[in-house]
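Quick note, the sequences are listed as chains A and B, same order.
Each residue of the first sequence is one higher than the last, beginning at 0 in numbering that gives the first Met the number 0.
Each residue of the second sequence is one higher than the last, beginning at 0 in numbering that gives the first Met the number 0.
Hints may contain errors.
[As the list claims (entries may be wrong)] Simulated DEER-style distance windows between Cβ atoms:
no.: 1; chain 1: A; residue 1: Glu74; chain 2: B; residue 2: Ala24; range: 36 to 46 Å
no.: 2; chain 1: B; residue 1: Leu153; chain 2: A; residue 2: Glu74; range: 40 to 50 Å
no.: 3; chain 1: B; residue 1: Gln59; chain 2: A; residue 2: Lys103; range: 46 to 56 Å
no.: 4; chain 1: A; residue 1: Leu153; chain 2: B; residue 2: Leu153; range: 37 to 47 Å
no.: 5; chain 1: A; residue 1: Glu126; chain 2: B; residue 2: Pro11; range: 55 to 65 Å
no.: 6; chain 1: B; residue 1: Arg88; chain 2: A; residue 2: Arg92; range: 18 to 28 Å
no.: 7; chain 1: A; residue 1: Arg254; chain 2: B; residue 2: Lys103; range: 23 to 33 Å
no.: 8; chain 1: B; residue 1: Asp186; chain 2: A; residue 2: Gly52; range: 26 to 36 Å
no.: 9; chain 1: B; residue 1: Arg14; chain 2: A; residue 2: Glu74; range: 49 to 59 Å
no.: 10; chain 1: A; residue 1: Arg254; chain 2: B; residue 2: Gln85; range: 27 to 37 Å
no.: 11; chain 1: A; residue 1: Pro64; chain 2: B; residue 2: Arg230; range: 53 to 63 Å
no.: 12; chain 1: A; residue 1: Pro95; chain 2: B; residue 2: Ala25; range: 29 to 39 Å
[Stated by the list, open to error] Computed list of chain B residues with no C-beta within reach of chain A, every gap over 10 Å:
no.: 13; residue: Leu69
no.: 14; residue: Ala138
no.: 15; residue: Leu244
Keep in mind that the hints were calculated from the coordinates and are not lab data.
For each residue, glycine too, the CB sits at the ideal point set by N, CA and C.
Chain residues, written in single-letter form:
2 protein chains.
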Amino acid sequence: MTLTLTALPGIPLIRPGDDLPAILAAALSRAGIRLEDGDVLVLAQKIVSKAEGRLINLTQVTPSPRAVDLAGQVEKDPRFVELVLQESRDVVRARPGALIVEHKLGFISANAGIDHSNVAGLWGNPEDWVLLLPEDADASAERIRLGLVGGSALKLGVLIIDSHGRAWRNGVIGTTIGLAGLPALVDLRGVPDLFGYRLRITQVAAADELAAGASLLMGQAAESTPAVHVRGFPYPLREGHLSELIRSKATDLFR
Amino acid sequence: MTLTLTALPGIPLIRPGDDLPAILAAALSRAGIRLEDGDVLVLAQKIVSKAEGRLINLTQVTPSPRAVDLAGQVEKDPRFVELVLQESRDVVRARPGALIVEHKLGFISANAGIDHSNVAGLWGNPEDWVLLLPEDADASAERIRLGLVGGSALKLGVLIIDSHGRAWRNGVIGTTIGLAGLPALVDLRGVPDLFGYRLRITQVAAADELAAGASLLMGQAAESTPAVHVRGFPYPLREGHLSELIRSKATDLFR
Numbered sequence: 000m001t002l003t004l005t006a007l008p009g010i011p012l013i014r015p016g017d018d019l020p021a022i023l024a025a026a027l028s029r030a031g032i033r034l035e036d037g038d039v040l041v042l043a044q045k046i047v048s049k050a051e052g053r054l055i056n057l058t059q060v061t062p063s064p065r066a067v068d069l070a071g072q073v074e075k076d077p078r079f080v081e082l083v084l085q086e087s088r089d090v091v092r093a094r095p096g097a098l099i100v101e102h103k104l105g106f107i108s109a110n111a112g113i114d115h116s117n118v119a120g121l122w123g124n125p126e127d128w129v130l131l132l133p134e135d136a137d138a139s140a141e142r143i144r145l146g147l148v149g150g151s152a153l154k155l156g157v158l159i160i161d162s163h164g165r166a167w168r169n170g171v172i173g174t175t176i177g178l179a180g181l182p183a184l185v186d187l188r189g190v191p192d193l194f195g196y197r198l199r200i201t202q203v204a205a206a207d208e209l210a211a212g213a214s215l216l217m218g219q220a221a222e223s224t225p226a227v228h229v230r231g232f233p234y235p236l237r238e239g240h241l242s243e244l245i246r247s248k249a250t251d252l253f254r
Numbered sequence: 000m001t002l003t004l005t006a007l008p009g010i011p012l013i014r015p016g017d018d019l020p021a022i023l024a025a026a027l028s029r030a031g032i033r034l035e036d037g038d039v040l041v042l043a044q045k046i047v048s049k050a051e052g053r054l055i056n057l058t059q060v061t062p063s064p065r066a067v068d069l070a071g072q073v074e075k076d077p078r079f080v081e082l083v084l085q086e087s088r089d090v091v092r093a094r095p096g097a098l099i100v101e102h103k104l105g106f107i108s109a110n111a112g113i114d115h116s117n118v119a120g121l122w123g124n125p126e127d128w129v130l131l132l133p134e135d136a137d138a139s140a141e142r143i144r145l146g147l148v149g150g151s152a153l154k155l156g157v158l159i160i161d162s163h164g165r166a167w168r169n170g171v172i173g174t175t176i177g178l179a180g181l182p183a184l185v186d187l188r189g190v191p192d193l194f195g196y197r198l199r200i201t202q203v204a205a206a207d208e209l210a211a212g213a214s215l216l217m218g219q220a221a222e223s224t225p226a227v228h229v230r231g232f233p234y235p236l237r238e239g240h241l242s243e244l245i246r247s248k249a250t251d252l253f254r
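Make the full structure from the sequences, and use the hints.
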């Protein structure tokens, strides 16, 4: 059993309004890859967010009093904090240098995933531009999936990932923020183990496992390989949703 | 750029004292894989723990008063809880059904990684047997690495993984518990991004990204593919340690 991940070469810098399915189809073609049933494309959120025009210029943002107050606590730009609050449901931790929130899409992340790096901006000083996550990354993944599948019966998964920090451990890892056409969580409860016991609580976050593995090929800095083709994903494809991965607040021991 | 992960077929059930490097070398040979510089072998902790004889029969365990008390809180077998405490430095959360601890090796996990499933035991009732993690998984990885490398100059990484639950998100993912010969954390601080900014805080948990990706091929239940060969790991190999991945208690906002 083999899992093959291929970084697609030659993806250009993405600008608002770009046709990502067409760009991905061209990159696949250049890489000599013809999509097959069961394949998955893993995309860095930045290309999706840029294509969707989620660029914001900080000089256009007026911070609320709450943002100004919180910005003082976390020692960040009040305009940046205003955007983080607009993109969030709840502040989970605020400390100097750290602002951890529950994003509107449900996951917990630093700064609601808003980032300065690798953003050129549209005019003025590039330092003033930031990039928000897609408004609904499951919907973004589904649009890209449909764009690639066209009218065919191809079974394809599309996974949108970002780099997230974790509780307890150093370093970021690639993590799912939206998906279409593949399972996020695979339920093995009730499947017997090698000796016939019933596994009691095993649910595998298959999409997050793939997100992390594919992230290895994306780099984090100057290398620009924001799309990875995956062949050999070992679970059957089906419709999938980010919500499968989000632990409800009531059952979360670590907020 | 391609990352290829291959589950090694035909690994037998491992018993205490088994020679894992020899078993892995045979499995690689059967798969037609000749190790090359930069390759990594990812191993499920269970085969390492079993080879190291980390099987314990619960009928031989006498719970301490503290274990009896905690077992009542978490609704688990007091003998099992005794072992969890012996393997831990600290209890992080205790709720009915959940016992989250800081393992002696430094990471946070449920039940200190002690598991019933896929354990046959050595005598008596298989239900009485549990499996502890390796005593020092970095050292285990290094022994296996040296066993495979022999006297050669081969640059090989060995990564030992377990399935861990996470804060905030549903489902387990493959996670590093020990390693040798590859970086756990890759520091990109100071590397310029596409537009020449300096990335400020990016450290990538490269070993955990690989752990998660390789875990996809291991299954969690009756499939027995506890070893995965990796070609194309994109970071230079070097000596590495689990401790790189462990966030210090002082900087951890989520204990």
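Structure-based check of all given hints:
no.	hint	result
1	A:Glu74 <-> B:Ala24: 36 to 46 Å	violated (53 Å)
2	B:Leu153 <-> A:Glu74: 40 to 50 Å	holds (47 Å)
3	B:Gln59 <-> A:Lys103: 46 to 56 Å	holds (52 Å)
4	A:Leu153 <-> B:Leu153: 37 to 47 Å	holds (41 Å)
5	A:Glu126 <-> B:Pro11: 55 to 65 Å	holds (59 Å)
6	B:Arg88 <-> A:Arg92: 18 to 28 Å	holds (23 Å)
7	A:Arg254 <-> B:Lys103: 23 to 33 Å	holds (27 Å)
8	B:Asp186 <-> A:Gly52: 26 to 36 Å	holds (33 Å)
9	B:Arg14 <-> A:Glu74: 49 to 59 Å	holds (56 Å)
10	A:Arg254 <-> B:Gln85: 27 to 37 Å	holds (30 Å)
11	A:Pro64 <-> B:Arg230: 53 to 63 Å	holds (55 Å)
12	A:Pro95 <-> B:Ala25: 29 to 39 Å	violated (54 Å)
13	Leu69	holds (15 Å)
14	Ala138	holds (20 Å)
15	Leu244	violated (5 Å)
Checked against the numbered hints listed earlier, the structure breaks hints 1, 12, 15; every other hint is satisfied.
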